[in-house]
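Trainee: Each protein sequence line maps, in turn, to chains C and U.
So the first sequence is numbered by our numbering: it starts at 3 and just counts up by one.
So the second sequence is numbered by our numbering: it starts at 4 and just counts up by one.
Don't take each hint at face value.
[Said to hold, decoys possible] Label pairs and their in silico Cβ distance ranges:
1) PHE414/C - ASN95/U: 36 to 46 Å
2) ASP170/U - SER336/C: 24 to 34 Å
3) LEU254/U - PRO242/C: 52 to 62 Å
4) LYS363/C - GLU25/U: 42 to 52 Å
5) ALA200/U - THR433/C: 40 to 50 Å
6) THR433/C - THR32/U: 45 to 55 Å
7) GLN148/U - THR433/C: 45 to 55 Å
8) PHE414/C - HIS241/U: 18 to 28 Å
9) THR226/C - SER20/U: 26 to 36 Å
Since the hints were derived computationally from the structure, they do not count as laboratory data.
Bear in mind that the values here come from a model prediction, so they are computed numbers and not experimental data.
Note that the Cβ used here is the ideal one computed from N, Cα and C, for glycine as well.
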Amino acid sequence: MSSPSPKKQDKEEQKQKAVKAGEGKKGQGKEDGGSGGGGEHGAAVKKPTTKAERRALQEAQRKAKEERLAAQGKGTAKQTTSTSGGGAKRSQASKGGEGGAKLEGKPLEVPRPTRQRNSSSSTSVTTDDHRPNKSSKSSKKATEQQVETGRRVKQLQLFSHLQQYSKAPSSPTLPWHSVSTYTSIHPAIIKLGLHYSHGVICGSNSRCVAMLAAFKKVINDYTTPVQKELRRDLDAHIRPFINFLTHCRPLSVSMGNAIKYLKREISKIGPDQSESEAKRLLCATIDEYLELYIVKAGTEISKLCQNIIKDNDVILVYAFSSVVQRVLLDAHCSGRQFRVIVVDSRPKMEGRHMLRTLVQKGVKCSYVLINAVSYIMKEVSKVIVGAHSLLANGYVMSRIGTSQVALVARSFNVPVLVCCETYKFSDRVQTDSIVNNELGDPNDLVQINRRQGNFLTGWKDIPCLGLLNLVYVITMRP
Amino acid sequence: VTVHDCSFDIYSVGTISGLRAELKVATETLIKARTSTVSVSSGCELFLRFITMTSLEGQNDFEDLRRKLIKRGDMYLQKVADSRQKIAHIANPFIRDGTTILTHSRSRVVYCLLKEAMSSGKRIKVFVTASTIDNSGEEMHQLLQDAKVPSKVILDSAVGFIMEEVDLVIVGAEGVAESGGIINKIGTYQMAVMAKALNKPFYVVAESFKFVRMYPLNQGDLPNDEKYTSVNSSEDSHPYIDYSPPQYITLLFSDIGVLTPSAVSDELIKLYL
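Generate the whole structure from the sequences, applying the supplied hints.
Mentor: In C-alpha cells, the structure reads:
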C-alpha cells in the first residue's frame, strides 16, 4: 500500500516515536520526502498495536545499528534503500548524479542494510531496517542499478550526466514526487505532466501548445496573495510547476523558449495594473505568441515549400512532424502530383500517424522502416524533415534516426530540407548527441516481435547488459 | 545592363502604380529578348527596388517624383558601370605573378580583371574553353590577344586534362543563387567539379546586381525558360546554362566585397531589404 500519507502525519508519528523511544538521533535521515515510509506508517496508524510491535522491533534494530556504527567509528547518517512498494527515491531518481555516489567502494555487508552516502539529494526516510536487504547487489560498479520495483533503471556510464528516465506511474497519486509539493501543483499542470510522461502528448509543437494552454488556466486561477505583486509572485508561483514538468519529461527547446517569453511578459506588467487586467493581458500575449510563432509560422513555411515541391517528385519524410505534414497536405491540396515515402522506426513508430493522415487525404504513400532507407533512397528526389530545435552553429536537433536518413540521402546526392519555426531556435552549440539529450524508457525497446521469441525481456537481470533509448540526435551540416 | 536606361525615359504615365506596371512590362520584354536572362531579371528586380527606395511622401507633383526616380536610376546605372572596374581592383591581389589561369567562355568581368592584372605588371597565362555552343570562347581569346594577354583556346572536353597545369580558375556568372552557387554558361559545373577534385581554387567574379533570390537544389531546378535560348525549342536544343553548387566555389568577388558562398545569402538579404 503506497498511499502517500500526508507529510504532517508522518512527522507527527516520528515525533511520537521520538518521544516514546527517547532517542535524540531521531532527526537523522528520517525526514522529508518520505512517502515510502510514510505509506507504511500510514497503514500502521490505524492499528496501534501493530505500530507498537513494529516500533519495538525497530528500536532493537536501531540499537544494534548504533553499536555497529560505534564499532566502526562512522557516525554518518544511515540511509537504506527502501525496497518497499512505494518507497522509491523520487527526487533522487531523476538526478543521474547519484548513481555514481552509491556503491562506490563501500564494502557490502550482506545481512545488513547497505549504508550509503547520498551526497546529492535530500535525505530520505529510513524505513525497513527490520527487513533484510535484498542484496542482489553483488556488483560494486558505480553504474549498477538499484533493483527497485520498477522505478529505477540501469544507468549507462556514458549517459549518466543526463536526467535518467523515471516513468510516472499510471495511478493518479504520485508517490514518486514529494507529497507536499504535489498538493500545491495546479491540476492542469499535473494532467499535463502525466500526459508528457506517458507519451500522450508528443512532439515539440504539441507539447508547447498544451503547456501554454495549461499556463493560461494557471494564470486565470491564480490569485495574488496579500502584500505581494502579481508580476513578482507569479514567476515564483510558476517555478515549481516548471520543475514538475521537467521532472515528468525534460523540457523541449520550444517549451523553454515559450517559458522565457512568458516570464518576460510577466515582468513587463506595470505595478499599477489591476489583477484581472494583468491576467487578461497575459492570456492575450500567450494567444498572440501561439498565433504568431506557431500557427502563422507554419503557414509561412508551408508557402515557401510549395515552390520546392515539384510535380513528379518523390519526397521522403521521417517519423512525424506537424510542420512537414502541413507542407505535404497543402501541396497536395494545391494540386501538385507527388508521392511520399514515410520512413519509420522503433520504438515510437510515429511514422504511422503521419502515414494515416496523409493517406486519409489521398496522398500516394509508401511506408518503410529505417533499415530499408538505403534501399529506397535511389528513388527519392528530396528529403523533408522537421526539427526539435536548430542550434546556433546550424546543426539540427531532431528525432533519433533523422541524422541516419540525412547521411544516406547525402550519399545519394539527395537534398535534405529541414522545416523549423523560429521559436524553436536555440543559442546552444552542440557538436555531438551525447552531451545533451533525453533518455527515454529502455523498456520500450524490449518488445521485439520475432518468431524466435523475445530475448530481451530479462534484460534487467543480466548485469552486463543495458538498454539505451535516446530520444534526440544532432544532424550536422556537411 | 546598358538597356536599363532606355526603359525608364520612355514612359509617361500619371501614377506610381502605373509606372511600376510599365517597368514590369519592360522587364519582361527584356527577359524575352536577351539570351542571358538570369542577370537581366535579377538586375531589373534590383533596379526597381533601388529606385523605389526613395521616400515618396511630400511628392505632390508626379513630375517631381519622376525626376527623382530618374536621378536614382542614373545613380544606380553609374554604380553598375563602375562595378566591373571595382571588382577587377578587388580581385587583382589574388592573381599572383606567374600564374596560369583557366577561364570559361566569354565574360566581360573576367576580361576586365585579366586586363587589370596584366597592366599591374604581372605575367599571366590564360587558357580559355572554346564553349562550342556559340563559340564565345573564341571571342574571349580574340579580346585577350588584343590586350596582349598570352592565351590559348582549349576544347571544353580538355578541361580535365589541363586542370593540373593551371593554378586557379576564374569564371564570371550570369546569376548568383541564394545558396552561394552560381548559374553560368553550360560547362561551368564540370569545371568546378574538376577544380575541386584537383584542389585548385575556383573563383567567381560577379556584380552585385546578379544576386538572385533563387535556391536551386539541382540542375533540374533551373527554370526552363532561362535554360534554353529563345531561338531554339527546349526539346531539341541543348541547355545554355548550368548550376554550380556552393561547395565547389572558393570565393566570390563582387563589388560588395570578397564573399564566401555562405555569405551570399546574408548579402542578398541586405540587397533586397
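Trainee: A separate judgement is required for each hint: does it hold in the structure or not?
Mentor: Hints and how they fare:
At roughly 41 Å, the beta-carbon separation of PHE414/C and ASN95/U lies within the given 36 to 46 Å, and the hint holds. For the pair ASP170/U and SER336/C, the supplied restraint of 24 to 34 Å is violated, since their beta-carbon distance comes to about 50 Å. Hint check: LEU254/U to PRO242/C, Cβ distance near 55 Å, so the stated range 52 to 62 Å holds. Remark: the range hint 42 to 52 Å for LYS363/C to GLU25/U is upheld by a beta-carbon distance near 43 Å.
The supplied range of 40 to 50 Å is broken by ALA200/U and THR433/C, whose beta-carbon atoms lie about 28 Å from each other. With their beta carbons about 52 Å apart, THR433/C and THR32/U fall inside the hinted range of 45 to 55 Å. For GLN148/U paired with THR433/C, a C-beta distance near 53 Å keeps the hint of 45 to 55 Å intact. In this structure the hint that PHE414/C and HIS241/U lie 18 to 28 Å apart at CB holds, the actual value being about 27 Å.
Taking the beta carbon of each, THR226/C and SER20/U are about 54 Å apart, not inside 26 to 36 Å as hinted.
In the structure shown, a violation is registered for the earlier hints numbered 2, 5, 9, in ascending order.
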